[in-house]
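So you can see what is in the structure, the chains are spelled out below.
Number of protein chains: 4
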Amino acid sequence: MTSLTALALVCSLKKSETPSSSELLARQVLDELAEHGCAGDAIRVADHPVAFGVSTDEGHGDAWPTIREKVLAADIVVIATPIWMGQPSSVCKMVLERLDAEIGETDEQGRMSTYGKVGAIAVVGNEDGAHHVTAQVAQALTDVGFTLPPNAVTYWVGEAMHGTDYRDLAETPEKTAGTTRTLAANTTHLARLLRDAEYPPA
Amino acid sequence: MTSLTALALVCSLKKSETPSSSELLARQVLDELAEHGCAGDAIRVADHPVAFGVSTDEGHGDAWPTIREKVLAADIVVIATPIWMGQPSSVCKMVLERLDAEIGETDEQGRMSTYGKVGAIAVVGNEDGAHHVTAQVAQALTDVGFTLPPNAVTYWVGEAMHGTDYRDLAETPEKTAGTTRTLAANTTHLARLLRDAEYPPA
Amino acid sequence: MTSLTALALVCSLKKSETPSSSELLARQVLDELAEHGCAGDAIRVADHPVAFGVSTDEGHGDAWPTIREKVLAADIVVIATPIWMGQPSSVCKMVLERLDAEIGETDEQGRMSTYGKVGAIAVVGNEDGAHHVTAQVAQALTDVGFTLPPNAVTYWVGEAMHGTDYRDLAETPEKTAGTTRTLAANTTHLARLLRDAEYPPA
Amino acid sequence: MTSLTALALVCSLKKSETPSSSELLARQVLDELAEHGCAGDAIRVADHPVAFGVSTDEGHGDAWPTIREKVLAADIVVIATPIWMGQPSSVCKMVLERLDAEIGETDEQGRMSTYGKVGAIAVVGNEDGAHHVTAQVAQALTDVGFTLPPNAVTYWVGEAMHGTDYRDLAETPEKTAGTTRTLAANTTHLARLLRDAEYPPA
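Heads up: the sequence lines are chains F, E, Z and U, in that order. Counting with the working numbering, you get residues 32 to 233 for the letters of the first sequence. Counting with the working numbering, you get residues 32 to 233 for the letters of the second sequence. Counting with the working numbering, you get residues 32 to 233 for the letters of the third sequence. Counting with the working numbering, you get residues 32 to 233 for the letters of the fourth sequence.
No wet-lab data here; the hints were simulated from the structure. Treat the hints with care, as some may be off.
No copy labels: a pair is met if it fits in one copy or bridges any two.
[Said to hold, decoys possible] Cut-off 25 Å, straight-line C-alpha distance, at most; resulting in silico cross-link-like pairs (DMTMM-like, lysine to aspartate or glutamate): (1) LYS206 to GLU89; (2) LYS45 to ASP88; (3) LYS45 to GLU136; (4) LYS45 to GLU89; (5) LYS46 to ASP131; (6) LYS206 to GLU139; (7) LYS206 to ASP131; (8) LYS101 to ASP62.
All values reported here derive from a predicted model rather than from experimental measurement.
Work out the full structure: start from the sequences and follow the hints.
Spelled out as structure tokens, the structure:
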């Protein structure tokens, strides 16, 4: 079994000193990926001075180039984001904008540096928004070169207008846990296929 | 107090013979509007042979012209829709496409036939999607001439991946009921202002 | 080279008697797929009495079961839709709702009937909306079991508020043509990989 | 005629030293608002150290409280954003998240500090995305207390996959200019109505 690596980009608005539901869900995803021979790492994006922009390196102390190296080294990239106002977080949008630079980073045969990598999505909020966040992130990941297996998404939200955080639940809801397991099985299967058979020249 | 009228377009995929959570929520909205001197009516769109299209009348037995007359007679139009796959129903999209024709229906001063009317939105699903449905419907209503007050939306959804229907809840959740009351207060306030002061020529 | 088949579901609001830009783009996609050993067919959905609903068969003359057989026989499914109000057409939403039934159609190991199939998206409008339509369709296809390669989308839209139809352009814009070629190369590559290596049990 | 004030929050990813198409469109909106007796100001948000968060003041040098004072002093707030990947910019999302705090900032009768203010939207990109950006921003503005008149949006985008910037066009396209004029007429009309007749208690 080919060994794989995964990177989770945790897009909480807060730094690591504050507990984060999206980080918790990201770590649950990494745990399930480990069951499939995939070693993972998580980055709390807000810990690092990532610049606003759409290039690979915005200069002036921009932390993105270091994160980008880890993205390019991973077989599976997990975008983990909280929901605010039914939408992905601004930190998540900042990450997607930086990934947009990969459209210009192609090999001599026109393939992006991200071709062959598999995307996954983890979304969490007090209430409502997981499907729309998935839609925005899935569209962006497809645009910038990632492949998406079926059910590459795990999520949890509470009932309408409720305020409970995922990390404060007494236990992980079985539906979310099962969805996380499916995500791990499908993304690792697809990543191994693509490791052995790269996309054709453009 | 100026008397007002409201029309709720209920966009369930099913005809009236099947109970509908979106119809229930629409009727709760109409009840609250009645408290503010606004008489209302609901149409279950799927009961009628509305044609796909983007004109005011697609011919061949198209039921839209009759519904459109009621839209044009109302001060407040409520779009009530279920959520499927985190998105508005196809019936809701069909209704919005028919309303798109109003962009071409302007008076001699360039104002659409819908100018002065107030929009409201009621969304219901087993889980997840109310904010995104609101976004799509709000954008469309603004495009086709409606004015939207703050909090012109009421909704209910359950916890992630749960299957309970709104109409099967033991009682209406207080948060949704309160939101419905705010919707009614704000839409009637705004509709009265606009009745007395139409938008200027384009 | 494994021979493949593709099905394009053309979601114009109009029947075949009216020319359709989304059908034109769908046929261009099928032509490019043919270059990669993939035989294709297109269905103009509005020609058939597809019922509103979320089951595999709504009864009463519902045309979906026949279309569904073709979906289940295809390796690649292309959703081709016009843009109305910046959003997918109501016919497209109706199709996605019917595909939603596949979530319940699993084998004894929990895999949907659609697992192993590859999705593709073709979007066309006078102006504005292709990315958002892509987002909604990509999310829905991922939800119901399809795999999406990078750049599985081709599209054309004109400048803001312009009214030219894709089918009335003097020639196919090179950017759209190139994007269609990439779509064909990537979807056929991925479909062949998945034909030989199905997803693991859930 | 009641004198009004407007504030444009320009959500370019770049600081003022870099020319911005969204700032250009925002200033065109302010010029048209001035024709209706509304004095305006624009803030390039990226010039200021606004913190990620969902409170009115995140501390530690957060620039939002100063911007927020100007928001609370304005009758009309214009969200001006570029499009990246068919979506609002991360800076725009950061602004909307900060405005989300107003849901908790209510008077003794339950009305948000933003009630009575009118929202407007200006969107610009090389290609595709204006309707979806409008949808996300309109939903967020409605959620946090703003009222939206019809056609409260002006935008420009180029043909699919083209790279021209709005600020590099030889002249302002007449369709965009006309839309900007309508935006100004409708937002000022509505702002004057609401200045004289506040929303009822919740």
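Tested hints:
no., hint, in the structure
1, LYS206 to GLU89, "neither (41 Å within a copy, 28 Å between copies)"
2, LYS45 to ASP88, "both (23 Å within a copy, 14 Å between copies)"
3, LYS45 to GLU136, "between (30 Å within a copy, 22 Å between copies)"
4, LYS45 to GLU89, "both (22 Å within a copy, 11 Å between copies)"
5, LYS46 to ASP131, "both (24 Å within a copy, 20 Å between copies)"
6, LYS206 to GLU139, "between (44 Å within a copy, 19 Å between copies)"
7, LYS206 to ASP131, "between (33 Å within a copy, 18 Å between copies)"
8, LYS101 to ASP62, "within (18 Å within a copy, 39 Å between copies)"
Of the hints listed earlier, the one the structure fails to meet is number 1.
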